[in-house]
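One letter stands for each residue in the lines below.
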Amino acid sequence: MSLDASQFEAFSASELAFLAEDELITILPRQNLSRMDFKGWVQPALRALRRSEVPLWLAVILKRQDRCTIIYPNWLDATYLKTVLEAEGRDSASFAALPYMWQELSDTILAEAAEDCQGSVAEIMRTLQELKELRLNKLRQGVLVNNDSHLRMDGIGSAELNLVKPILSKTMRTLQTVKDAQEVETV
Amino acid sequence: MYYSLDDIETDGLRVPAKFQVDAPGLGWLNEEAKTENVPAGAEAILPLWLATPLASASVNEGQDLAFLNISEPHALNSDVINILRSDPASLDLRNQNRLFTNLAIYWCELFASDDFVQTVYEMTRLRSAYIFDAALAQSGIGGIDRGFDDYEQRLYQATAKVIRDAKQFRNRR
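Those protein sequences? They're chains A and B, same order as listed. With this note's numbering applied, the first sequence corresponds to residues 1 to 187, in that order. With this note's numbering applied, the second sequence corresponds to residues 1 to 173, in that order.
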């Protein structure tokens, strides 16, 4: 079976979510777990009630089995996200600092471990949604100022990059072709 | 060399051309005239693949005179270019030509002035933002993207697909 042509242009949303599962996240194990040997990587033994960093996918499995509590990352907090939202509105040139995979991480964590949240899940979700819309607007600006030689979008997230990947790359290619025509002409 | 079907089709688009020299025995090129020879000054509508080499090669070496003189294709007439200059997003490219972008780039490579190249450059850039907006709105083919030519439709479809995919994935639970 050959790969669908669109898969060469961008990741699918599920692929991005899969990649985000390798990000490390802090958990509070509820019981002792012995060391786990994976191919190419070893998960040290987990002690009950001692914070440890594990990949998101392992945290999700342990969470589903009720063996751990997920500690929310610092940035996934309503108060913090509101300051990010403000910064986002102030600076129109670049994206405010959030982890590269903030959309995928928040999506998974909020869906799998809503009960572990210290604050209000609804408020976090609302703020995330506002952030997403604000940043989408910046993406549109980014597409508008595209040119043949230079592209810069500081602080863009992986999900956002994925949305503009096909249109930016193809348009840049076309713009380069047009520009080349001009250079041939003037030689 | 051809890299895409669109390139082949673009080569087959016809442009108005004027013969600069007498062309004996080529009357069949000029379907309307039905004469055996084509006199200098006669006009014919020729495909780009034929017209381009004849317009760039000189009759006698060292002279500027070429066999043909090409004028711009109908889709690139001055009215269209003026609209492109003032408001690229409003123009229905598909109505001009299904291969408008390809044709415009071809024309850039052939004869175009810096001014024309700049217009095409701006058109490509601004319309890409317009396409992105249409894809975000998921208006679909036949919606506000009716005016997209083939190149733009492909761009629209690729973009709309990732946006739709992201939306569906978010709503899966």
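For the record, the hints were derived by calculation from the structure and aren't laboratory data. Values in this document were obtained by computation on a predicted structure and should not be read as measured data. Please note: incorrect hints may appear among the correct ones.
To be verified - Selected chain A positions facing chain B (in silico; Cβ < 7 Å):
1. E9
2. M172
3. Q176
Stated by the list, open to error - Derived DSS-like pairs: lysine-lysine, alpha-carbon spacing no greater than 27 Å straight-line:
4. K165/A - K161/B
5. K63/A - K161/B
6. K161/B - K82/A
7. K18/B - K170/A
8. K82/A - K132/A
9. K138/A - K34/B
10. K167/B - K132/A
11. K161/B - K170/A
Said to hold, decoys possible - The calculated label-pair distances, taken between Cβ atoms and stated as ranges, are:
12. Q153/B - E15/A: 24 to 34 Å
13. T83/A - K167/B: 26 to 36 Å
14. Q129/A - Q118/B: 32 to 42 Å
15. A5/A - D64/B: 40 to 50 Å
Backbone N, C-alpha and C define an ideal beta-carbon position, used for all residues, glycine too.
Going down the list of hints, with the structure as the test:
Contact between E9/A and chain B, as hinted, is supported at the beta carbon level, the nearest pair being about 6 Å apart and thus within 7 Å. Contact between M172/A and chain B, as hinted, is not supported at the beta carbon level, the nearest pair being about 9 Å apart and thus beyond 7 Å. Checking Q176/A against chain B: minimum C-beta separation of about 10 Å lies over 7 Å; hint violated. The hinted pair formed by K165/A and K161/B meets the criterion: a straight-line CA distance of about 12 Å does not exceed 27 Å.
Using a Cα cut-off of 27 Å, the hinted pair K63/A and K161/B is violated, with the two alpha carbons roughly 33 Å apart. Only pairs whose Cα atoms come within 27 Å are accepted, and K161/B paired with K82/A is rejected, the gap being roughly 31 Å. Restraint check for K18/B and K170/A: the C-alpha separation of about 36 Å exceeds 27 Å, so the hint is violated. Simply put, K82/A and K132/A have alpha-carbon atoms about 12 Å apart, close enough for the 27 Å limit, and the pair holds.
Between K138/A and K34/B the CA atoms are separated by roughly 60 Å; this puts the pair beyond 27 Å, and the hint is violated. Restraint check: the Cα-Cα separation between K167/B and K132/A comes to about 13 Å, which is no more than 27 Å; the hinted pair holds. At roughly 15 Å between alpha-carbon atoms, K161/B and K170/A fall within 27 Å of each other, so this suggested pair holds. For Q153/B and E15/A, the Cβ-Cβ distance of about 25 Å falls inside the hinted range of 24 to 34 Å, so the restraint holds.
Taking the beta carbon of each, T83/A and K167/B are about 28 Å apart, inside 26 to 36 Å as hinted. At about 40 Å, the beta-carbon gap between Q129/A and Q118/B stays in the expected band of 32 to 42 Å. Hint check: A5/A to D64/B, Cβ distance near 46 Å, so the stated range 40 to 50 Å holds.
Of the numbered hints given earlier, the model fails hints 2, 3, 5, 6, 7, 9; all others are met.
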